[in-house]
Each structure stands twice: as structure tokens, then as C-alpha cells.
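**Student:** Based on the hints, put chains Z, Y and B in the right spot on chain E.
Number of protein chains: 4
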Amino acid sequence: MRIGMIGLGRMGGNIARRLQRSGHQPVVFDRNPEAVAELELEGFEPADSLEEIKKKLGTEAVFWVMLPAGEPTEKTIQILRTIAEPGDVVIDGGNSFYKDDIRRAKLLADKGIHYIDVGTSGGVWGLERGYCMMIGGPKEAVDHLDPIFDALAPGIGTIPRTPNRMEHEGEDARAEKGYIHAGPAGAGHFVKTVHNGIEYGLMQAYAEGFDILKSKQSSKLPEDERYVLNLTDIAEVWRRGSVISSWLLDLTAAALAKDQMLSQFSGRVADSGEGRWTVEAAMEEAVPAVVLTAALFARYRSRVEHTFADQVLSAMRFGFGGHVEIPQ
Amino acid sequence: MRIGMIGLGRMGGNIARRLQRSGHQPVVFDRNPEAVAELELEGFEPADSLEEIKKKLGTEAVFWVMLPAGEPTEKTIQILRTIAEPGDVVIDGGNSFYKDDIRRAKLLADKGIHYIDVGTSGGVWGLERGYCMMIGGPKEAVDHLDPIFDALAPGIGTIPRTPNRMEHEGEDARAEKGYIHAGPAGAGHFVKTVHNGIEYGLMQAYAEGFDILKSKQSSKLPEDERYVLNLTDIAEVWRRGSVISSWLLDLTAAALAKDQMLSQFSGRVADSGEGRWTVEAAMEEAVPAVVLTAALFARYRSRVEHTFADQVLSAMRFGFGGHVEIPQ
Amino acid sequence: MRIGMIGLGRMGGNIARRLQRSGHQPVVFDRNPEAVAELELEGFEPADSLEEIKKKLGTEAVFWVMLPAGEPTEKTIQILRTIAEPGDVVIDGGNSFYKDDIRRAKLLADKGIHYIDVGTSGGVWGLERGYCMMIGGPKEAVDHLDPIFDALAPGIGTIPRTPNRMEHEGEDARAEKGYIHAGPAGAGHFVKTVHNGIEYGLMQAYAEGFDILKSKQSSKLPEDERYVLNLTDIAEVWRRGSVISSWLLDLTAAALAKDQMLSQFSGRVADSGEGRWTVEAAMEEAVPAVVLTAALFARYRSRVEHTFADQVLSAMRFGFGGHVEIPQ
Amino acid sequence: MRIGMIGLGRMGGNIARRLQRSGHQPVVFDRNPEAVAELELEGFEPADSLEEIKKKLGTEAVFWVMLPAGEPTEKTIQILRTIAEPGDVVIDGGNSFYKDDIRRAKLLADKGIHYIDVGTSGGVWGLERGYCMMIGGPKEAVDHLDPIFDALAPGIGTIPRTPNRMEHEGEDARAEKGYIHAGPAGAGHFVKTVHNGIEYGLMQAYAEGFDILKSKQSSKLPEDERYVLNLTDIAEVWRRGSVISSWLLDLTAAALAKDQMLSQFSGRVADSGEGRWTVEAAMEEAVPAVVLTAALFARYRSRVEHTFADQVLSAMRFGFGGHVEIPQ
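If you're matching them up, the sequences are chains E, Z, Y and B in order. Heads up: the first sequence begins at 1 in full-length UniProt numbering, then just goes up one per residue. Heads up: the second sequence begins at 1 in full-length UniProt numbering, then just goes up one per residue. Heads up: the third sequence begins at 1 in full-length UniProt numbering, then just goes up one per residue. Heads up: the fourth sequence begins at 1 in full-length UniProt numbering, then just goes up one per residue.
Mixed in with the good hints, there may be bad ones.
To be verified - Simulated DEER-style distance windows between Cβ atoms: (1) Z:G321 / E:G23: 26 to 34 Å; (2) Z:E305 / E:S22: 43 to 51 Å; (3) B:E225 / E:D143: 19 to 27 Å; (4) Z:Q217 / Y:D150: 23 to 31 Å.
Rather than coming from a laboratory, the hints here were simulated on the basis of the structure. Using N, Cα and C, we set each Cβ at its ideal position, and we do this for glycine too.
The shape of chain E in the complex, shown without the other chains (with noise of 0.2 Å):
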């Protein structure tokens, strides 16, 4: 299928890439000149705007959105609405908010475009593994769509299938190849959103794990209750055998093995909306998502040398005992 591919930054430019590979022929256009030269000269037919991209892709096009949400996604989208014509397909393949999706949605339903939002999960490694694809929209256009979301995916490969599955109704056959269609506008940003929540959570588990046995040297404690331990070798043995082994883990262990002090990194973890939007429905929801909510503002806080929240402290202590904190 011919597609546009709108944004070539590090996840836009290889979607474009994995679609070549499987036969389809992306147009490709970035506001950056040299992103689109660059993409040009391994075979890409090039357009230079959004208005390009509808002329050579003629009726029934498919816009792939795929930028940093917030106002360059927005804008681009609002543009697309005035050149797309009633047939064609806008798709919002970055981490959009899934609310937007629902009021996108309905503003070019108005006009005879469809919408679709797909929660793409896969990073810098999509292009050698694939991606998971979590999508929302309507039926027609997500199934219309297949044969572009078949080549992103992963596909079945050597993943074992799970035991029990497919033997009921109502199972998504896709799932196995590692996209689905979970629902109406937005749900597939929405599944996203919480993808991304559970994993600040995985991730905060680990780091914590990790900090509690690189500290077990720490001079605080009783001599025989100190131990050095290789960081290196517990990620390592971990990935193999024992119940918390995981991609992330893999990750992790890859790090340690370059460096055990993971010296070059500073420690102030940035987070995009998903943690946060996850917390959010969270709590719509009444639900208590206690974990995901501390790994979230761990980042917050790691990000900050102190918080006011500790001079409050720090006053208050001084104000009934007379502590004064000493820099340590």
C-alpha cells in the first residue's frame, strides 16, 4: 500500500524503513529538509508537504502522523483535515492523548476521514523486532489498513504461543503477531498510555531492587551483614532461569555488563504524558494504582536537588526541636 509518512525522527523514519522492506512504498516528508534527503537517497520517494504527499498518493490516501504529541501532532492533523478528502485515512502513530483521539475522531468523522490512533510500542529496536501495535478506530479502516500493520508487526516468530488461547470466541487472531485493534477512537492510545505505565513501574521495581543490593556495602551496616556484590552477574543470572526475567531485565543486564557503576548516566529520568495520563484514568477510575503512581513520581523527584516539600520539613523540625539538618 502507498502510505505517507509524515515525521522522520527516530521512530518515523524506520516505520518507513520497515514498510519498504515489505513492499510498500512509503512518501516520506519531515519539516526538516535533511531528514527527508536523507531518506531520499536509500529510495524513498520524497514529498516537501502535506498537501505533496495528498497529490501523490491521489484518493483514498493514508496519512501516517508521527510526531511528538502535543501541539506538533495537533497542528498537523488540524492541516490534514483541510487537504484529506472523504475516503482517506489520517493515522496518529505517536503517543497522543487518547481524549484528543476521541475529539479528532469525531471532527474529521465530520468530514468523511477516517481516524486512527495507534499506540506503537518498540523504540529504537522496532526495526529489526518489529512493532506492537495497539490500535483504535473503526472496524473498515483498521481492517483496510491490515497489510501495513502485518509488516510493522513482529509477526508470530519464535515467540512460544500462549497455552489455552484461541480456543475461545472473540480472541483477536492479530494478537499473536502482535497487533490488535482494541477498540473505538482512542483505545488504542488508551492501551498504549497504560503499556507505558505499567512499564515506569517495572522499571522503578528493578532500579529499586538494584539500589537496595548496591548498597548492602554501605558502611551503616554491621560488617557481616556487608556484601560487594556484581550487579553484572545478579542481571545476569536473573535472565535466566527465574521468574523476573523480562525484556527490560535484558536491557538492564546489557547496561551493567558495559559498565556496573552506569557512571555515565545522571539520574534525572524524564517522563512523557503516559505515566501521568495512566494516573489520571487512575483515578476516574477509582482505582488504586499505587505503584504505578510512586514509580511516576520517582521520576519527578529525581529530577529536582531538593523539593520544597523538605525545606517544609526541615523548618518544621527546626520549629519543634530545634534540629538543624546538616548538609551531608
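**Tutor:** Positioned in the frame of chain E, the structure of chains Z, Y and B alone reads:
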């Protein structure tokens, strides 16, 4: 009553003074002779050793140990065990771990010496306001020392009486004067421990609230949702008719009135043992003490620039997404 | 001043009464005629519609809306927007979301109507103790209504003054009387929201502490580490000279004095919007509000027997260990 | 090698079997004669007492204790201490507290007996997949037993090797086969403890995520924000190319494939000691293990209908607001 006061620091000195004001005659001792000399000038009878206290007090001697928990207290009590005779009383008024009390009480009981643990709240304000005391130990010994506790406690004062109290049997009339016999050995310090655990939780709740108020001027927010709030006034108004008025809020209001930025406070917040012992008790009882624990951990976090856990997160993020965390 | 009081529930009725006691003359309205009739018997001037209030108040009418947040408040304000004329004032004294205030203030300003948001603390005690008020809106309108706020506030009373206050410029003298002008539209409700967020944290801290004390008699513990503690006495003693004395503790002491088992309380704990809005604000500002969030989530958890999350845990445990969870 | 296997439960029996398959000859014992008889039928050499094991193994006897942590393990090791002779080895393969290992190792070393602690992960799957082992104890003894550990471990298998490993000195080649010598006495169980602590965190992260997904159909939500999501498909798709793929997710996918409602699981979730020991270690090291602790507490909470804390909250709410909590 005559009593030996051992340890003349921030707490011990004032306890001796408050006893003296009520007509008791403490014999004072500290391993730092200057501390002793200071109280001697104020008219207290000094002692230059634990033995001398015993000599001056004679039979039925009462020793009040007011030292840092851990080694200083433990060593002193071990020595008193050899100095004291049957019928004497050893009081630990510091912040000992209640399981140490249980052990020591047995040890001293073997020699006929009574052991009493007193959890003492009041900080630097106790001299004027009186000390709130939670007492553990054998009933007779506690009752025998009532004049001491009565002198130290705030007394019924101007604090309104609790409705419905004293209509049932089994309540401790001393509670209204500011002290209770909580139970057998260790019960005093256990109740004090939980008191401090709660204190951590309360403090953190206020601290987070003021942080959220202060950060409401953040330029990350939409312009019409930014407020520059006067924290000094807010703390003050909450003292007056609001549901969250408290003594800790009074202290916060005073600190903010002095400097709304709290700039003299570094934000590295110490914790003594009680927060941790409270969490340990919760774990032994399988009580989900989520807030008290979160408050304790916020203090741990306040004392390090970055955790190793933060670095592990960054390493994973680099691993799957090629994300390089940018220093703020 | 004359003022229309709309909504005569637990809060609105008493606010009208407290105003009347100070010589103001509220016109009272509720869509439930019995509520109006009750106040009419007490000498209040009734109205049977919003229009009638306006008619009775004439120009420069002041409407105080005291209704449940959400639809009831929103609808009433929309109607007042059509009834009121330039120079009138609409006050929302309920627990509205502050972003709704920002929106409404603009809407009413377009018609020359002033909008004031008042966060009101005091509960069922406010009639006697006075109401603590946090006010948002345009300065002149707030100043103009000062007689109203002054009548409702507790006044300086017997609460000791905060040291160091009023030595600097820029502080609000009204704070000592129990009300402040916090800032522009929404600021009043925002401060009240954080107030309630803190309230959740404080309450949970006490609640966990008492749970740990009560559970100390658990037969899971070694016999000499079990205590049967008198919670009634402990709450009482903490009111007197301890660091954690507060009004919430006073209430807890009163409840425990009535029944130490608290057996009339089921333990399903509701939450209104403020806890959640506080957490949302924290997330927007990237403030790690760990305690306030944990407190909110504990309430969510209190209202369900089991979460689906719990079932997922059990399913995993069965999967890797063959563990069958045994009902307690 | 010959080895005495003590305790033939879910883990011990399979460990014996896996050893036998590799040509080792375990002598098997359990205080339940039926368990012994079952393995005898499978060709194992039985023993009817600890003494008989020793008799059958002769000098340099190796005892593998695979019993519930706490009293059963402790008692058995105390008896082995009297039975074993210098040069013998006692292995504790269960889930003991690492501080018990440190104590026992000293006790046995006094008699010339080696003590080795083995943290064993693998659950009911270990027989086929192999056991991931974290080993503590003296180097020579651990090296001497290498054939045993090598037989039990998964071996390098098909799991991809970690990039960059083995380029530095100091790494343990055994890690790639699924076992490590973590350090001196207790280090094996300590690493296993933290492993389980992490496991709790990971499990809770997934569990909360699935709860948020499932609750997205709640009628409390606006209609166009409700989704009925197929959890079975979502778990499946996340196994394929997503960042959060893991063995625990595989198990979850299998459970959901069987019954998306998980209705056979009550949701009362047990915890063994490791979660708590992990939190204790974190507290001793002042590591803010927010997620691991939240996960532990969620399990505590899952096992009670209401906490006393919940009732205290309700009592306070009634106190200040007259709120009566309504049963759901």
C-alpha cells in the same frame, strides 16, 4: 521526690528544670562537666558519676536516663544495673527501641530493679508547655513515681475536655493531664514510636501541600492557571477555623512568617529510629501503612542527590529508546 | 449587607444563620421548599426562585451559591448569568474545581458580573466556630464584600498569634481573622483544594497510626511484644503537649471516647473531588506528592472488597508457583 | 555427586529429580513417609532419618535442606549440626532470612561444617526449565559443589547472550548458565530476597495496569471514554515486541486466555518473608524503595475486608462533616 537526671542535653536539662520548679530535687549528671556546671549555677545538686548519684539518692533511688538511643543509653543502663539495688527504679526517657526495653526490663527485674520506659514528646517547648508522656512498666513502680510524671506533664490546662470521656470504665484519668501508663515494659516507647511515625506522616502531608501551592506559579502551567500564592497567609488562615489546624501548622506558619522562601533550610531531612520502627511494626502486623512509609522514604530521598535507582532507570531508557537524559 | 443564599443544606443554612447573627439579611432559597420554610420560621426572608432573589436584592445583588460541585452549581451559575446585571456578584462557596472558576469568571465578566470563588472550611462546626475562607476573584469585589466575609470568619479569637507575622509587607491582615484573598479567579478554590488534599494525608497518617497500635495485640506477634493498648487514652494524651496535637486528633479522641472499637463505622470512605484535583495539580507541576496520593488511593481501596489487580496477582502466583490463595 | 535431599515438597522433589536426570544420586528424606515412598518408586534411594542420610553418604556428606523457612529449616539445621562431621556441607536451599544464614554459618563453621545458602527461583517450572540459583558461602565449598549447581541450572540454552559481557574481568562465567556465587554466608539468600522483592513490584505493576484497563468500562466515565477492552488480547500483544514483555506477562496472558475474568481467584494475596525483608534492608540502607513497599502493602490490604484505619477515617469524617459513609 529525689531523682537522678542522667544526660543534660536539650531534653534532659529542661526536664530537670521543670521538676525543680515543682519542688522536686534532681541530682544532675552528664559526662560533659560543663553541662553539669551550668545546672549547678541554677541551684541543682550536681554529681560527677553514676555512683555518686546513687550515693546521694540512697535507697529507692530513681534514675532518669535521658540520652541518645542506642549505645549511650544501653551502656548507661548496663552500668546502672551494677550500681542499683533492689527497689531502685531506672527510667529510660529517651527514644529507645521498645524491644530493647523488653529485654532490659527482664534483665533488671532479675536483680529486683524496676525498669520504666517513658516516651517523651514536647521538644524544646516542653519546659514551658509540659511534656506529653507515654509510660511503660510495672504498675506499682509507675504509680509510685506519679509525682514526677505529674510535675512534668502539661496538666489539664486550657485545652477543652473531650466530650464523652470518662463515662466508661477503664480509662486513665492521667491522660487528661498529659501522661498515661500505656502498658508493660516497652509499651511507653512503642506508643511514642507510633506517635513519631504519625508525626512524619503529618509533616509530609503539610509539606507536600505547601509544595503544590508554591509550584502553582510554575511557567510550565497555562498562564491563567498560574497563581503566586502567599504561603505565609495561607498557613495563617488555615490555623483559624479550618479542619487542618494543628500545632505543626502553627510551627509552619511561624517559619513562613519569618521567611516565606524558607531559604535557610537545605532540605536534607534527618530521621531518627521511630519512623523505621513504626514501619517495621506495621510489617510485623501486616498493616498497610502506606502514608507513614511514604513519609519516611521521602526523608531518605531528601538526603541524596541521585539514587542508583534513578541511574538504572536512565540506563534502561537509553537501552530501549536511545533516550539521553538531559541535565535540567 | 443583603445577600441571596442559594442552597440551604448542611453548609448553606448555617452560613445564612451566621450572617443573620451579625446583622446581615440573607434572602434564602433552595429548590426544596421545606428547607426554605425551615429558615423562614427562623425569621429569614424567603425566595421561591432565583429571579425572586434578584428582585428582592435589586441592584448590586450578591448571590452566594452553596450547592454540590458539578452540575447543580454549574446550572445555577448559568441561570444567574442570565438573571444578574452588571455590577452584581456571584459567589461560588462550594467545592468547585478551580478551572471551572476560571472559565466561569471570564463568562460572567463578559456581562459585567463579578465572580468570586470561596473555599469554605468548617463543616458542621462553622456556625459556632466560624468559617475559614480562601477567596479568589477581583480585588474590588472581594474588598466590597468584606463585611460578609468578616461576619462568617472565626475572627482573631483566642488562638495565639503567630510570632514574626506582620513584620513584613505584603501580608494579608485578614488571615488572622480567618479569611484571605488568595488571588484571581480560581485561587480560592485552588487553595481550598490543596487544604483538603492535606486533610486526606493528615487523616490517613493518624488512621494508620491507630491501626498499628490496635493491631499490636495480634496473636501473630511474640507474646512479650503484644500490647493491648487503650486507644482512647492514647488519643487523649496526644492532645496534650505532644507534637501531633490537632483538631483532627481532637475529633478522633472524641470518637474513640464514645466507642473505642468504632464499630458503627463500616470503613468505606468516600472522597470528594479535592483529593484527586490535588494529585492532578501535583502532576501538572511535577511535584512528587507521595503521601497525599497514597491517602487518596487508600480511600479508593476502602470501597471495594477486592480489586481486579489482587486477582491478577493471585493468577500469577498460581502460574509460577502453583500457589492457591487460601481464604482467610 | 551424592547428596541428601531433605524435604520433598513442590521444590525439593523436583530438585532431586533434576539431579537424578543428570546422573547424580540423591538420597531422599521427608518426615512424611509417603513423599519418600513416591520418590522411591521413581528409583531414588530413600532414607528414614537424617542420621540415615549421613550413614549412607559417608564422609564429605552434602545435605540439601529444602524446607519452609523458619522453624522447620532451623530445627533441621540444628540437628544436622550434631550429625554432620568436619568437611560435610549443609545447604539451605529454601527461603531463609539471610541474617539467619550468617548466624548459622558461624555456628557450623565452629564444628568444621560448611554452610551454603542457595536462593532458588523457578517454582513449579524448574524441573523442566532449570533453577536460577544465587549462592552464598565459602568459595571452596561452592566450587566443590559445582557439578550439583550446574545440573540444576538452566544452562546457557537459547537465551541470547548479553552484549558486552565477559569483556571485563571479575565476572562470573556461571551467571550465563543460571547460577552465581554471590558472596559469603547469606549473600545467596539476600540476592534471592531482593529478587522476590522486585517480583512483588513487577507483579503489582502489571496487576494495576490490567485493573485500569478493565475498569475503563466503568459507568462512572463519560460514555465516549468507556472501552470494553479484551484483556486476553492485550496481554498477548504485549508479549510481542513491546517494552514490557516478560515471563510474568506470559503467565498473565495464559491465565487470561483461560478466563478473562480470573473468577477462580479470590484476590487474597499471600506474601512470604522476602517482600518484608527487602523493605527492611531498604530501611537499613536508607534506600527509598517506594514501589517495592507499595507492592507489599497492597498484599496486606488484599487480605482484610476493612482496616481499622478505614474506620478511623470514617469516624473523623463524621466528626467534622457529619458524613455518614454509605455502604456501597
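**Student:** None of the hints should be skipped; say for each whether it holds.
**Tutor:** Here's how the hints hold up against the structure:
no. : hint                        : in the structure
1   : Z:G321 / E:G23: 26 to 34 Å  : 28 Å, holds
2   : Z:E305 / E:S22: 43 to 51 Å  : 48 Å, holds
3   : B:E225 / E:D143: 19 to 27 Å : 24 Å, holds
4   : Z:Q217 / Y:D150: 23 to 31 Å : 28 Å, holds
When held up to the earlier numbered hints, the structure conflicts with none and fits them all.
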